[in-house]
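There are 2 protein chains.
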Amino acid sequence: MSQQGEKKAVILLSGGLDSATILALAKEQGYSCYALSFDYGQRHCSELDAAKLVAESAAVVEHKIIRIGLGEFGGSALTDPSIAVPEQRELKGADNEIPVTYVPARNLLFLSFAQGWAEVLGARDIFIGVNAVDYSGYPDCRPEFIESFQQTANLATRAGTEGEPSTIHTPLIELTKAEIIQQGNRLGVDYSATVSCYQADGQGRACGECDSCSLRRAGFAAAEIADPTRYL
Amino acid sequence: MSQQGEKKAVILLSGGLDSATILALAKEQGYSCYALSFDYGQRHCSELDAAKLVAESAAVVEHKIIRIGLGEFGGSALTDPSIAVPEQRELKGADNEIPVTYVPARNLLFLSFAQGWAEVLGARDIFIGVNAVDYSGYPDCRPEFIESFQQTANLATRAGTEGEPSTIHTPLIELTKAEIIQQGNRLGVDYSATVSCYQADGQGRACGECDSCSLRRAGFAAAEIADPTRYL
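Residue numbers (this note's numbering), protein chains in the order written: chain A, 105 to 336; chain B, 105 to 336.
Rather than coming from a laboratory, the hints here were simulated on the basis of the structure. Treat each hint with caution, since some may be false.
[What the hints assert, rightly or not] If you only want the chain A side, here are some residues facing chain B, beta carbon under 10 angstroms, derived: (1) ILE172; (2) PHE177; (3) ARG210; (4) LEU215; (5) PHE217; (6) GLY220; (7) ALA222; (8) ARG246; (9) GLU248; (10) GLN254; (11) ALA257; (12) ALA263; (13) THR265; (14) GLU266; (15) ALA282.
C-beta: ideal position from N, C-alpha, C; glycine also.
Input sequences plus hints: build the corresponding full structure.
Written as structure tokens, this is what we have:
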């Protein structure tokens, strides 16, 4: 149960630029923040180190890292060593194809875990840094998916059934990368601690070439904010 | 990708009576069966041994056991040692309360994993042994939850987005325990291998007293089929 007046939120924290920003936004809105990260066999483990740094510097109440065997299923360049991560900008092809970096059911799983933890904590709010503008190729980043998930989750859980439905917050969903960076900059987010690169090295240094790096670099340029990313 | 004519299905297999029955039903319907179980910190680990036996005797194509840290969240008598499992029949109180054996977001998570694996396998069918009759206290066993999940999952995944939506099959949802047992008996399911007891010992022997044992015992009696359960 929450203490009187305390607003708890579960924040899905990947260690990337977007999730660091939603954590700062949730804090600004007065939430006590519980950060949730996943070790799911992703290639770029430096993401998790980044998540720890971000959680620590935001002074979250608790940071849980859940290990899930998502890599066992294969099917994605991010978890399956037999599929190459694209080095060139391939995410938004002319035919709007779903990229090979798509991980099957990832946000469905992440939100389900967040829902479970929120219920135990007595939290009614979940924040996720999905973005429909820059990543339009991922089906599980679209507003219609998020809305549908919220309905389903409230049918699944004791809290939702007992008249305390939870809300999925997606404050970045309609923002460009530049607008996201401007929000975080205003709130003092240290983006040098975050890792977006799919092929970052063990120290969290970015390749500067992959699709994710290109989007991030262009975002800082468009926001007219100095890019603090540590490149290889 | 499926071979021509091959119908693949992911079967959520707990090692209990219900899931052993849905596996037999899926086989009867001609599916190539991929069984999925979870090690989620449940107290009754003999369930997983039972799942292995059931999967083996049904000759499934593959059986995956995914370890997930659900117990870390606490909040349920099944995963939290500080909450007592009820020994008496308490599931269906007069006020229809949700039982303490409810695990937050469990079926939401299990179905999400099944969805992810199904997508990688090229399977469009998922079987889950939920039952709205005997377990009406669990919100995530109701038909409205299952229907909502199916919609959400098809919005989340590449397959659903690309015109190959998946279907969640719940062949037991409206059956009584006795009817479930009759179905399984007809298909030759060996129920002595299954474990329903929340407090089974390391050899899978049931206490005979807990709520789950009572439901099961009454089911065999009502079905007029000899109860092969191994009791302590």
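Right, here's what the structure says about each hint:
Because the beta carbon of A:ILE172 sits about 5 angstroms from the nearest beta carbon in chain B, less than 10 angstroms, this interface hint is met. Residue-level restraint check for A:PHE177 holds (minimum Cβ-Cβ distance to chain B is 5 angstroms; threshold 10 angstroms). The restraint placing A:ARG210 at the interface with chain B holds, with a minimum CB-CB distance near 8 angstroms, inside the 10 angstroms limit. The closest approach between the C-beta of A:LEU215 and any C-beta of chain B is roughly 8 angstroms, which is under the 10 angstroms cut-off, so the hint is satisfied.
Checking A:PHE217 against chain B by beta carbon gives a least distance of about 7 angstroms; that is within 10 angstroms, so the hint holds. Of the supplied interface hints, the one on A:GLY220 holds, with its beta-carbon coming within about 3 angstroms of a beta-carbon of chain B, less than 10 angstroms. The criterion of a C-beta within 10 angstroms of any C-beta in chain B is met by A:ALA222, whose closest approach is roughly 8 angstroms, and the hint holds. For A:ARG246, the suggested interface contact is upheld, since its CB lies about 7 angstroms from the closest CB of chain B, less than 10 angstroms.
Checking A:GLU248 against chain B: minimum C-beta separation of about 6 angstroms stays under 10 angstroms; hint holds. With 10 angstroms as the threshold, the beta carbon of A:GLN254 comes within range of chain B, its nearest partner Cβ sitting at about 9 angstroms, so the hint holds. A distance limit of 10 angstroms between C-beta atoms decides the matter here; for A:ALA257 the minimum to chain B is near 6 angstroms, and the interface restraint holds. Satisfaction of the interface hint for A:ALA263 is found here, the shortest Cβ-Cβ separation to chain B being roughly 8 angstroms, below the 10 angstroms cut-off.
Annotation: interface hint on A:THR265 holds; nearest CB of chain B at approximately 4 angstroms, less than 10 angstroms. Using the Cβ-Cβ criterion of 10 angstroms, the hint placing A:GLU266 at the interface with chain B is satisfied: the shortest such distance is roughly 8 angstroms. The closest approach between the C-beta of A:ALA282 and any C-beta of chain B is roughly 27 angstroms, which is over the 10 angstroms cut-off, so the hint fails.
Figure legend: structure checked against the earlier numbered hints; the only hint not met is number 15.
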